[in-house]
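Top line first, the protein sequences correspond to chains A and B.
For the first sequence, position 173 matches number 173 in our numbering, and the numbering has no gaps at all.
For the second sequence, position 158 matches number 374 in our numbering, and the numbering has no gaps at all.
Treat each hint with caution, since some may be false.
Sample of chain B residues facing chain A (criterion: CB under 10 angstroms; computed from the structure) [as the list claims (entries may be wrong)]:
hint	residue
1	ARG318
2	ALA349
3	VAL352
4	ASP362
5	THR403
6	TYR408
7	TYR413
8	GLY419
9	PHE422
10	LYS427
By construction, these hints were calculated from the structure, which means they are not laboratory data.
Virtual Cβ for every residue (Gly too), placed ideally from N, Cα, C.
Number of protein chains: 2
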Amino acid sequence: MARIAVVGGTGHLGKAIARRLAKAGHTVAIGSRSAENAAATATELGGLDFGANADVAKDKDFVIVTVPWSAQTATLTQIRDHVGNAVVVDTTVPLVPPKVMRVQLPEAGSAAMAARELLGPDVRLVSGFHNVAAHVLDTDALVDCDVLVFGDEVEARNGVVSLVADMGMRGLSGGALANSAAAEALTSVLIYMNKTYAADGAGIRFTGLTKAPPIS
Amino acid sequence: MARIAVVGGTGHLGKAIARRLAKAGHTVAIGSRSAENAAATATELGGLDFGANADVAKDKDFVIVTVPWSAQTATLTQIRDHVGNAVVVDTTVPLVPPKVMRVQLPEAGSAAMAARELLGPDVRLVSGFHNVAAHVLDTDALVDCDVLVFGDEVEARNGVVSLVADMGMRGLSGGALANSAAAEALTSVLIYMNKTYAADGAGIRFTGLTKAPPIS
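For reference, chain A alone in the conformation it holds in the complex (with noise of 0.2 angstroms):
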């Protein structure tokens, strides 16, 4: 079992990944800006740990960042001292409001080549959960949706692959970090459908893999 930490993990993404992964029996913290703001949280979600997101991020296997687009520069800054050897898994999404149904990428080329550049070259990068609607993530439903994972380093990418299985979804590898770009965009279009076509948390599944894992 992994020690994972939850940054951001007071939002709704972040509740729901938490929720399922001490689900799954890893030992889970929640971080916040304030460790108040956690605690609320980590109680609610059965006493999980918690603290301000660079004291959680200290000492972890994966520290996973689910915070918004406008969030996510101040939140790497506060952890990027901290995370030492740990996988950092990036769930942004550079969602621009009012026109979130439009993909607007960053100058980057994407949020996670975004992180990579604040993070620089030595933090062990991936990013992922791009696609999942978070409120059907929260409960205990089958989520019909693939997850994908990106990342340069290939034993990172296996590392949240795996999570990814333990929630209880099939996770698949999307190859290099800067495919995130994908994912990322593919956002803004699920939103597009889920108004154009009456979707309440459109996703995707990939089809024709024969070597792929089964979905749950």
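Knowing the structure of chain A, use the given hints to seat chain B on it.
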């Protein structure tokens, strides 16, 4: 039935699209840089019309452009003064060999937005067909992949979604032309998955859409 030109129609994707559209009863013309090249494909497909790209682009309802990224500028330049009120369907994926498994979106944001810059604001422009494996499309088999269509003009976009249905596939609107970046980027991910998960033409399906057309 529509009058349709497939520009760059001697390539694998163009031929496959032309074959399915002709089978559905549309009047299809094959275009190529030279009329001679187009003639061979037109004959192979059962005696379609053919001609140089600029010629076949005239007096059509749809002009579908199926060329590699390296040929997009030259091809669009050949046809832009001839398409008139036709809906131009750009299928270009900005793959940059040799790293075709790596997302490398162009400065304009996407091949579709590059096409917009080249064609100017008055040409009716839609993009689509980025994620369909040409060798699967070029059979009568079911293509287990949704076809995303992007564009800023609803009527033009819906017209292409309807053509996709005629071809035996599920077409879905993906929203604004700028959203084409999502599908274009996804193509590199699919090429990566073909290799990583032993797929022969990986595809995507959208889930949770309660008001989408049925899968064929």
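Here is what the structure says about each hint:
1. ARG318: holds, 5 angstroms
2. ALA349: B/ALA349 check passes; min Cβ-Cβ to chain A is 8 angstroms, inside 10 angstroms.
3. VAL352: Since the shortest Cβ distance to chain A is 8 angstroms, the answer is holds.
4. ASP362: holds, 9 angstroms
5. THR403: Since the shortest Cβ distance to chain A is 8 angstroms, the answer is holds.
6. TYR408: Holds: closest Cβ of chain A sits about 4 angstroms from B/TYR408, inside 10 angstroms.
7. TYR413: Result: holds, 4 angstroms to nearest chain A Cβ.
8. GLY419: holds, 4 angstroms
9. PHE422: Holds - the Cβ of B/PHE422 comes within 10 angstroms of chain A, reaching about 6 angstroms at its closest.
10. LYS427: Because about 4 angstroms separates B/LYS427 from the closest Cβ in chain A, which is inside the 10 angstroms limit, the hint holds.
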